[in-house]
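Sequence lines, in order, name chains L and D. First residue of the first sequence? That's 0 in numbering that gives the first Met the number 0, and the numbers climb one at a time after it. First residue of the second sequence? That's 0 in numbering that gives the first Met the number 0, and the numbers climb one at a time after it.
These are computed hints drawn from the structure, not numbers from a lab. Any given hint might turn out to be false.
Simulated restraints, written as ranges between beta carbons of each label pair [claimed, not checked]:
1) Glu138/D <-> Gly85/L: 31 to 41 Å
2) Glu145/L <-> Ala108/D: 45 to 55 Å
3) Ile17/D <-> Gly88/L: 28 to 38 Å
4) His30/L <-> Ser62/D: 21 to 31 Å
Derived, one-sided and incomplete: chain D residues facing chain L with beta-carbon distance under 8 Å [said to hold, decoys possible]:
5) Leu12
6) Pro23
7) Val51
8) Gly52
9) Arg56
10) Ile67
11) Ala104
12) Leu153
Heads up, the beta-carbon is just placed ideally off N, CA and C, and yes, glycines get one too.
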Amino acid sequence: MIDPLDSLRAPVMPIEPDPRFATQLRARLEHAVLQPEGVAMTTTVDAPAHTIGCYIAVDDARRALEFYVEAFDARRRGEPYIMADGRIGHAELAVGDSVLMLADEFPEIDMLSPRTRGGPSQSLYLRVPDVDATVQRAVDAGARLERAVADYDYGRNGIVVDPSGHRWMVASSLPPPPSRRHGEVGYLTYAVPDAERAKAFYDAVLGWRFTPGRVENGWQIDGTAPMSGMWGGATEPRIQPLFHVDDLDAALAAVRAHGGRAGEPEQQPYGLSAECTDDQGARFWLLQS
Amino acid sequence: MSEQRRVRPDPALALLEIYNAALPQVYGYLLSRCRNAALAQDLAAETFLAAVGAARRDPGPVSIGWLIGVARHKLADHWRRQEREQRNLRLVHAEQYEADDPWDATLDAVLARQVLDRLGAHHRAALTLRYLDGLPVPEVAGHLDRTVHATEALLVRARAAFRASYEEGVS
Numbered sequence: 000m001i002d003p004l005d006s007l008r009a010p011v012m013p014i015e016p017d018p019r020f021a022t023q024l025r026a027r028l029e030h031a032v033l034q035p036e037g038v039a040m041t042t043t044v045d046a047p048a049h050t051i052g053c054y055i056a057v058d059d060a061r062r063a064l065e066f067y068v069e070a071f072d073a074r075r076r077g078e079p080y081i082m083a084d085g086r087i088g089h090a091e092l093a094v095g096d097s098v099l100m101l102a103d104e105f106p107e108i109d110m111l112s113p114r115t116r117g118g119p120s121q122s123l124y125l126r127v128p129d130v131d132a133t134v135q136r137a138v139d140a141g142a143r144l145e146r147a148v149a150d151y152d153y154g155r156n157g158i159v160v161d162p163s164g165h166r167w168m169v170a171s172s173l174p175p176p177p178s179r180r181h182g183e184v185g186y187l188t189y190a191v192p193d194a195e196r197a198k199a200f201y202d203a204v205l206g207w208r209f210t211p212g213r214v215e216n217g218w219q220i221d222g223t224a225p226m227s228g229m230w231g232g233a234t235e236p237r238i239q240p241l242f243h244v245d246d247l248d249a250a251l252a253a254v255r256a257h258g259g260r261a262g263e264p265e266q267q268p269y270g271l272s273a274e275c276t277d278d279q280g281a282r283f284w285l286l287q288s
Numbered sequence: 000m001s002e003q004r005r006v007r008p009d010p011a012l013a014l015l016e017i018y019n020a021a022l023p024q025v026y027g028y029l030l031s032r033c034r035n036a037a038l039a040q041d042l043a044a045e046t047f048l049a050a051v052g053a054a055r056r057d058p059g060p061v062s063i064g065w066l067i068g069v070a071r072h073k074l075a076d077h078w079r080r081q082e083r084e085q086r087n088l089r090l091v092h093a094e095q096y097e098a099d100d101p102w103d104a105t106l107d108a109v110l111a112r113q114v115l116d117r118l119g120a121h122h123r124a125a126l127t128l129r130y131l132d133g134l135p136v137p138e139v140a141g142h143l144d145r146t147v148h149a150t151e152a153l154l155v156r157a158r159a160a161f162r163a164s165y166e167e168g169v170s
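Based on the sequences and whatever the hints tell you, model everything.
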């Protein structure tokens, strides 16, 4: 079949950018490539100290820092401490609400990485909102999948061994999902212009507590039924429900047939969902899980 | 073992060597697809800075073609972010298109690019990767983080949206 859009094919044609931009970017690139620890765009993040923290030995601290940033959304915390011999003597990452400290191997004090020792002697336990996505990112970034993600009585979790040989149990920070009957409310999203204000308000009025969610400016509300979350960045405040359906395609067809608008189905880690608008303009999600 | 790793030449150094030749190619690729100079600069910067880490993680040949691939990821990421924002921030007013009618037309290139600029980010991303870059559907799906099946459905809708907007522009 002839497709007129085939004529849009556009091979790469070089275009000289603004020379000032080219010069500035070269300087940034040189900085990123040449600084000895190889840490690009260091950011400092405050995270409170907990009673117990992890301080791990790795066989390549530079690679390990990059892995944790990429796989676990870790944020660099200060500059790594570089020893005279080039080893990283100390580096910190903020992961969720915790601090992970690490250093290169120091055989002289018997601090060796699991790879050198022949395997880990402990598991690190990581709680995240979206286990499947985090485990997938870890594997994409070079971790070995030791146990695939699955549901257990104590929650959804999986196990990966990172490139330094450390074993991570990645578990859901969310309670296991309740039963999902057609038409039941599965989730409520409080979409508000200012998440911080709304969190303060509902904390004061209802005593709600919040955990960072899977999207920017998104928060899980701890312990509510149905499960609920808050999202800051809406132009108008609204509460948007998610309804369980047995058959998403059939439900979307019904939405359209009755004057509503149905969005495109999208595969999410928790099921197949689509955003819809009813015939008076109220927005909701449908989920087939 | 970490001693060996340290003495190996840093693969990211190759980026500095090809920077002068690569920047116009990367920038040209991005500008011709997003058609916004400030955005093309931002994405070009993201491309090169991300390439530092990528070259170290996965030491393969650092070439212009490889950098264009990194740029394509950055462009797809940008459109995905934009689509999420659009979806989050306003009512969904995408019309629904059900069928992929055969369409026999010769496109006016200038009008076609204007139409592309007007489309929603997810439609624009799908059509750009499929047609301007000439990627096969499974690769488009990979960039957009969708299944092949969902990508085919998206392309049907994107083509229909493109056609509706294009024919409106012609008449």
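Hints, one by one, checked against the model:
1. For Glu138/D and Gly85/L, the Cβ-Cβ distance of about 40 Å falls inside the hinted range of 31 to 41 Å, so the restraint holds.
2. For Glu145/L and Ala108/D, the Cβ-Cβ distance of about 53 Å falls inside the hinted range of 45 to 55 Å, so the restraint holds.
3. At roughly 34 Å, the beta carbons of Ile17/D and Gly88/L sit within the given window of 28 to 38 Å.
4. Hint check: His30/L to Ser62/D, Cβ distance near 23 Å, so the stated range 21 to 31 Å holds.
5. Annotation: interface hint on Leu12/D holds; nearest CB of chain L at approximately 6 Å, less than 8 Å.
6. A distance limit of 8 Å between C-beta atoms decides the matter here; for Pro23/D the minimum to chain L is near 4 Å, and the interface restraint holds.
7. Against a cut-off of 8 Å between C-beta atoms, the interface hint on Val51/D holds, since the closest Cβ of chain L lies about 5 Å away.
8. The beta carbon of Gly52/D comes within 6 Å of a beta carbon in chain L, closer than 8 Å, and the hint placing it at the interface holds.
9. For the restraint placing Arg56/D at the interface with chain L, the shortest Cβ-Cβ distance is roughly 7 Å, inside the 8 Å limit, so the hint holds.
10. Given the 8 Å rule on beta carbons, the hint for Ile67/D holds: about 6 Å separates it from the nearest Cβ of chain L.
11. About 5 Å separates the beta-carbon of Ala104/D from the nearest beta-carbon of chain L, less than 8 Å, and the hint is met.
12. At its closest, the beta carbon of Leu153/D sits 7 Å from a beta carbon of chain L; the interface hint therefore holds under the 8 Å criterion.
The earlier numbered hints are all upheld by this structure, with none contradicted.
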